[in-house]
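Number of protein chains: 2
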Amino acid sequence: MTRQHLISEIKRKKSFLCIGLDTDIAKIPKFLLRFSDPVFEFNKQIIDSTHDLCIAYKPNTAFYESNGAEGWLSLEKTIHYIKNKYPEIFVIADAKRGDIGNTSKMYAKAFFEKLNADALTVAPYMGSDSILPFFNYPKKWLILLALTSNIGANDFQLSSNNLKNKLFEDVIIKSKKWGNRDNLMFVIGATKAEILQQIRQIVPDYFLLIPGIGAQGGSLQKVVQYGITKDCGLIVNSSRSIIYAGDMSNKFSKSSRLKALEIQQEMKELLFLNKF
Amino acid sequence: MTRQHLISEIKRKKSFLCIGLDTDIAKIPKFLLRFSDPVFEFNKQIIDSTHDLCIAYKPNTAFYESNGAEGWLSLEKTIHYIKNKYPEIFVIADAKRGDIGNTSKMYAKAFFEKLNADALTVAPYMGSDSILPFFNYPKKWLILLALTSNIGANDFQLSSNNLKNKLFEDVIIKSKKWGNRDNLMFVIGATKAEILQQIRQIVPDYFLLIPGIGAQGGSLQKVVQYGITKDCGLIVNSSRSIIYAGDMSNKFSKSSRLKALEIQQEMKELLFLNKF
Numbered sequence: 008m009t010r011q012h013l014i015s016e017i018k019r020k021k022s023f024l025c026i027g028l029d030t031d032i033a034k035i036p037k038f039l040l041r042f043s044d045p046v047f048e049f050n051k052q053i054i055d056s057t058h059d060l061c062i063a064y065k066p067n068t069a070f071y072e073s074n075g076a077e078g079w080l081s082l083e084k085t086i087h088y089i090k091n092k093y094p095e096i097f098v099i100a101d102a103k104r105g106d107i108g109n110t111s112k113m114y115a116k117a118f119f120e121k122l123n124a125d126a127l128t129v130a131p132y133m134g135s136d137s138i139l140p141f142f143n144y145p146k147k148w149l150i151l152l153a154l155t156s157n158i159g160a161n162d163f164q165l166s167s168n169n170l171k172n173k174l175f176e177d178v179i180i181k182s183k184k185w186g187n188r189d190n191l192m193f194v195i196g197a198t199k200a201e202i203l204q205q206i207r208q209i210v211p212d213y214f215l216l217i218p219g220i221g222a223q224g225g226s227l228q229k230v231v232q233y234g235i236t237k238d239c240g241l242i243v244n245s246s247r248s249i250i251y252a253g254d255m256s257n258k259f260s261k262s263s264r265l266k267a268l269e270i271q272q273e274m275k276e277l278l279f280l281n282k283f
Numbered sequence: 008m009t010r011q012h013l014i015s016e017i018k019r020k021k022s023f024l025c026i027g028l029d030t031d032i033a034k035i036p037k038f039l040l041r042f043s044d045p046v047f048e049f050n051k052q053i054i055d056s057t058h059d060l061c062i063a064y065k066p067n068t069a070f071y072e073s074n075g076a077e078g079w080l081s082l083e084k085t086i087h088y089i090k091n092k093y094p095e096i097f098v099i100a101d102a103k104r105g106d107i108g109n110t111s112k113m114y115a116k117a118f119f120e121k122l123n124a125d126a127l128t129v130a131p132y133m134g135s136d137s138i139l140p141f142f143n144y145p146k147k148w149l150i151l152l153a154l155t156s157n158i159g160a161n162d163f164q165l166s167s168n169n170l171k172n173k174l175f176e177d178v179i180i181k182s183k184k185w186g187n188r189d190n191l192m193f194v195i196g197a198t199k200a201e202i203l204q205q206i207r208q209i210v211p212d213y214f215l216l217i218p219g220i221g222a223q224g225g226s227l228q229k230v231v232q233y234g235i236t237k238d239c240g241l242i243v244n245s246s247r248s249i250i251y252a253g254d255m256s257n258k259f260s261k262s263s264r265l266k267a268l269e270i271q272q273e274m275k276e277l278l279f280l281n282k283f
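From first to last, the protein sequence lines are chains F and V. Position one of the first sequence corresponds to residue 8 (the working numbering), numbered consecutively onward. Position one of the second sequence corresponds to residue 8 (the working numbering), numbered consecutively onward.
These aren't lab readings, by the way, just hints derived from the structure by calculation.
As the list makes no split between identical chains, a pair holds if one copy fits it or if it spans any two.
Once the Cα atoms are required to be at most 27 angstroms apart in a straight line, the calculated BS3-like pairs of lysine-lysine come out as:
(1) Lys37 with Lys112
(2) Lys121 with Lys84
(3) Lys37 with Lys116
(4) Lys90 with Lys51
(5) Lys184 with Lys173
(6) Lys184 with Lys147
(7) Lys183 with Lys173
(8) Lys34 with Lys116
(9) Lys51 with Lys116
(10) Lys90 with Lys147
(11) Lys116 with Lys84
(12) Lys37 with Lys121
(13) Lys34 with Lys112
(14) Lys112 with Lys51
(15) Lys146 with Lys112
(16) Lys51 with Lys84
(17) Lys121 with Lys51
(18) Lys275 with Lys90
(19) Lys84 with Lys112
(20) Lys171 with Lys181
(21) Lys261 with Lys20
(22) Lys92 with Lys20
(23) Lys34 with Lys51
Between the sequences and the hints, there should be enough to build the whole structure, so can you do that?
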């Protein structure tokens with residue numbers, strides 16, 4: 008999927024919402040357990056009731072792998088379902104992979120060829136050769152962890168031992184030499200919204216994937232205030248607060264739609280205020 | 008698996024060899040393609056012909072994921088096969104995972120409960136809460152990336168912007184407060200053997216997982232010279248140079264055995280010289 012396509016979808020839907028499909032089989036409505044693949048059934052209903060409000064879905068691989076090979080099949084079916092029914096939607100495999108060059112090539116094959124995701128999240132710790140193989144796929148995206156939304160971000164990413172830059176700044180500065188604004192994005196947690204100003208000095212025109220609003224407590228308004236660009240440049244994710252918005256009844260996906268709609272309406276207003 | 012068990016296996020087998028099961032379906036002998044699960048069949052033959060020479064196997068998830076849900080099934084079957092037939096052997100899932108606490112819990116479930124691996128490799132970038140959930144499993148191990156064997160290790164791990172410590176040193180110093188020598192190991196590439204001396208100042212009694220001998224060019228002798236402890240403290244991995252040692256005939260696993268034996272004999276000699 009091209010950058011231009013993403014921007015036009017944001018304009019068309021008046022939304023830069025990504026819905027995280029962190030589907031935990033222990034948390035979904037019990038009546039779904041009679042389906043042969045309850046996780047896939049849950050995802051399908053969430054997708055069908057929210058697809059017009061979001062521009063991206065982001066399944067996190069951990070939740071699927073916790074069900075073993077069967078879980079991986081649910082993941083495959085979920086991505087296939089989105090790609091077939093709603094081909095305009097951007098699919099991010101949130102897998103946080105990264106390995107030596109030879110092995111990262113296999114991850115690129117796994118996620119871009121076999122699973123047909125549009126984007127993959129990658130951890131930068133292993134450096135250039137762990138990242139470069141993903142850029143060999145036209146219209147596919149690598150989304151690099153820079154400054155994450157969790158408490159552990161303080162341990163290394165914001166490490167202050169450093170004379171000049173924090174680690175997350177080094178990651179952004181170096182990796183933008185390896186990729187470009189058409190194949191590389193960065194993860195920046197919404198819980199660190201103020202830092203977005205500083206990050207926009209380094210990457211004024213890159214897309215950022217922002218998790219951490221909703222269950223993690225980040226503010227959408229602040230994210231937009233500090234992070235928006237003339238191309239929007241933001242994909243804001245919410246997972247738990249949308250997909251588990253409902254009760255355990257067969258109307259669960261209606262509650263998810265209402266929650267997604269509430270966020271989309273706020274986004275629409277913020278886009279309008281920013282003349283987008 | 009306990010630390011004591013690991014040490015006694017090293018003594019019994021006179022080996023600290025780990026064999027990396029980086030099984031690429033494009034590289035295995037063609038005659039295996041007639042089996043219903045060629046990757047599993049390849050692994051089985053490698054395992055049966057090398058199990059007495061090594062103390063650990065290390066499947067890298069990238070190679071399995073590149074075959075999708077089917078590949079994940081090959082991985083499950085491989086670990087199940089080792090655990091049933093050779094329960095004394097340590098199984099490392101080389102997955103380099105790491106996510107926010109809530110999600111790392113799901114990875115722990117995936118690898119320690121569902122797959123029943125003894126150990127999981129984890130990337131430290133996301134800090135404490137991405138690491139802590141793995142310590143809730145007694146007799147299971149987290150193997151944290153510290154200084155990897157690839158060229159990209161220079162980008163961040165050895166970053167010299169830092170006044171006091173390199174990033175990989177920070178990772179070791181901080182994380183040993185979160186785990187201990189009974190549930191935490193570190194990955195240190197054999198291609199950086201000289202640095203082992205310095206690392207042993209920080210973690211004199213932790214086990215280290217050392218990839219990078221063989222195809223990547225590290226020296227076993229140097230690894231032992233700089234890294235061995237009174238408990239051995241080393242698990243040295245070789246992947247491609249063992250599993251692809253043979254030609255494409257049905258005797259491929261004999262060549263793998265010969266290569267593994269050559270390394271084990273060198274290890275035996277080095278252990279003897281170090282009075283182990």
